[in-house]
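Protein chains in written order, with this note's numbering: chain A, 1 to 118; chain B, 1 to 153; chain C, 1 to 416; chain D, 1 to 161.
It should be emphasised that the hints constitute simulated quantities derived from the structure, not laboratory data.
Everything numeric in this text was worked out from a predicted model, so none of it was measured.
Treat the hints with caution; some may be incorrect.
Partial selection, computed: residues in chain A whose CB lies under 10 Å from chain B [as the list claims (entries may be wrong)]: (1) Leu16; (2) Gly17; (3) Tyr35; (4) Tyr42.
Note that beta-carbon positions come from the ideal geometry of N, C-alpha and C, so glycine has one too.
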Amino acid sequence: MLESYVPILIFVLIVLGLVGALVTLSFVLGPSKLYKRKLAPYESGIIPDTPAFRRLSVRFYLTAMLFIIFDVEAVFFYPWAVLLRQLKWFGLIEMLVFIGILVIALAHIWRKGGLDWE
Amino acid sequence: MGQNFLTTTLGKLVGWGRGNSVWPAQFGLACCAIEMIATATAGVDIARFGSEAFRASPRQSDLMIVSGRVSQKMAPILRTIYDQMPEPKWVISMGACASTGGVFNNYALLQGVDKIVPVDVYIPGCPPRPEDLLNALMILQERIKAQGIMPRQ
Amino acid sequence: MADRSGQSVTDTIGQGVTINKSGETGAFGGEILTVNFGPHHPSTHGVLRLIVDLDGEQVRSLKPVIGYLHTGIEKQMEALRWQQGVVVTDRHDYLSPPINNLAYALAVERLLGVEVPPRAQALRVIMSELTRLASHLVWMGTSGLELGAMSMLMYCFRERDTIMDLNEEISGFRMHTSYIRPGGVFADATPRFLEMLDRFVNTMPSNIDEYEALLTNNPIWRSRTIGVGRLSADDAKVLGATGPMLRGSGVAWDLRKAIPYTGYESYDFEIATSDLCDCYGRYLVRIKEMRQAVKILRQALDRLPDGPVNIDDRKVLPPPREELETSMEAVIHHFKLFTEGYSVPPGDVYVAVESGRGENGCYIVSDGTHKPRRVKFRSASFVNLQALERMALNHMVADMIAIIGTADAVLGDCDR
Amino acid sequence: MIPETLIVERGVSGGDQWVTVGPADVHDALAALRDEGYRLLVFLTCVDHLVDSSRKWPARYEVVYQLRNMDTLEQLRVRAFVDGDPPRIDSVSDLFPPANWDERETYDLFGVVFNGHPELTRILMPDDWVGHPLRRDYPVGGEVVEFSEEHEAWQTAPDKA
């Protein structure tokens, strides 16, 4: 049963090997002199004196959350799309119900004004 | 470090890798910057030498082309940018103004950028032709390949 | 979307525009973040530094800091003789060198009271229009690149290289031609130059159509520039903006028509204006200006008068080489010119010329010695940059990039 | 035009009309000119007449305002002769917004103090720069160039006379 997974195993090994080699080689061969001026934050050549972290307004957080919700929803389409033939009508109806729920949520957010920027 | 297998062939490999992918930091100051942009366009293509990616931030670049005249107000900023570039890094001083203050021998200009940063290749001309910049890049690539893993003298 | 129009100027002349200071709470609860849009930045068209107070994404206040390319050109010219100063005038507005030479040459000629022959005037018009085209091409290439139109750089710099070849053919130098000198021009146009110029003028309109095809109806370009950086007509006048910044707000003011110089009154061309008052309007103005420049080049090429290209005043210009073997006066003139130089009668004069950015002028004060007492370059970018804050108010940070691009400030010209 | 009382001298030079005005009433003269139609201040600068034998100069520093009437295309140059260790003159940045930076540059390079300017700081030179470079007694600087006898005379400082 496990044989069908061997190609994936080889693929993962090659990836890990390559990435590992690149990282360690560049770490070993690359000279690295760390000193204060090099580690100072880069702000177009000026060493900044104003603090970089400021409280941001809540809109950014709201937009981020909306994105995550609808992005995760999109992830569920992939397995469904692959198996559409086998699932026949049942899969279609199930997915329509799933989309319907999210469309209601989207309409609610739209009406409450969560999408426009001001 | 003696000249054993590690430093020669590996040095050649590392030198070949570094030499052919020198990423310049976008340090356009004055007229030479326009010729530097002209070098990056299709007419005289710098992409053939692997240096097409003009990085905006010094963190991702290993070559600083000082193209233009460095005023006294800009000198500390140029030094900061040079400091913030990771090793191994090289400097090409493009044009007479960057190399020696050029036409302007007065109070306002730094008479030569090698007063504040170690320079590898100087390019004469005001502004030098795009082909001169490519020539300087080729000279620099030879030097990088010869340098291999050794720290820069 | 945020109100895209900058604050009108007439009600707040003189007062600072800063609304919020760093650290205060912004309009939507977040704090104001002071960001350094510093000298080393890919999209500031040179070493311009902007201290920007940001409320989230919106610009609350913007303070340009210049001087990072100050080259002391005006002090340098006080230490150089009259004919040596030409070399330095090339380098302060490095996108339109012949136009700077023209301002200096016209000022010195007006002080000397000489007039250059008509062929030299036509060659001066040809070189000015060529460099205006090159300057707009560099602007369009880099501004397109900043707003995402990467291919604009390749298209525009292809034509710019043709112009550089033309420059090299006539003056031996690609960018800083030092071609226009007090008393005439460097050398006569060679037949090969005229033929190359003819080919260039025939192909250029189709190239401009290519640029328009790429940008003018490009939805991304339009959404990034329409309504961005609004500068109303009376704001532009009050702020003293000149060039495409002024003509983009509908004011038909072009120095070549208003105060003609070097024979511009004998060419017919329209003033390129657009009353959209925003970045898109200024883009259209520059495209029209390029078409008018090609029209002028065509007329100048067809009606190029023949005759000498320099005034024959031996006090100002050296005699031709072959005369040095025969006539003693030529040797004396040659010796005096290249040891002490000529002196200009005392007085002061201001000559304004229309460069790609606006009004570039040269104010010269002469005290009768062989070195100028004071040379002041009126720089268009220096004044246009002051309008940046008015245009960028309440805009998004990304729009500020388009606004810096549309000001087309060349920092060498601004800092001198 | 400007009320006659303010005008000290009048003339034509290099094709432009010019008018000399006392340093105290520059602001009123320019206000009168602006209302009359000279809306564009083309530029504002200073000329240092140290050891200048070409003419009898009333004072060392000459602040020059070039004005232009956009409708009638007339240009007028207003001069004001100022003296004093930091020469002082009234600021016109409230009449002409472009004068803001011009005055900062003139202060930066010549040391002319403009009273009433919102933010008179250096604009071109580094903030900690000492001295005002465009004054005639400020050496051109730069490095000594060997074998160029010109270099001693490179300074535009007055001769040792």
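Indices of hints not satisfied (ascending): 1 and 2
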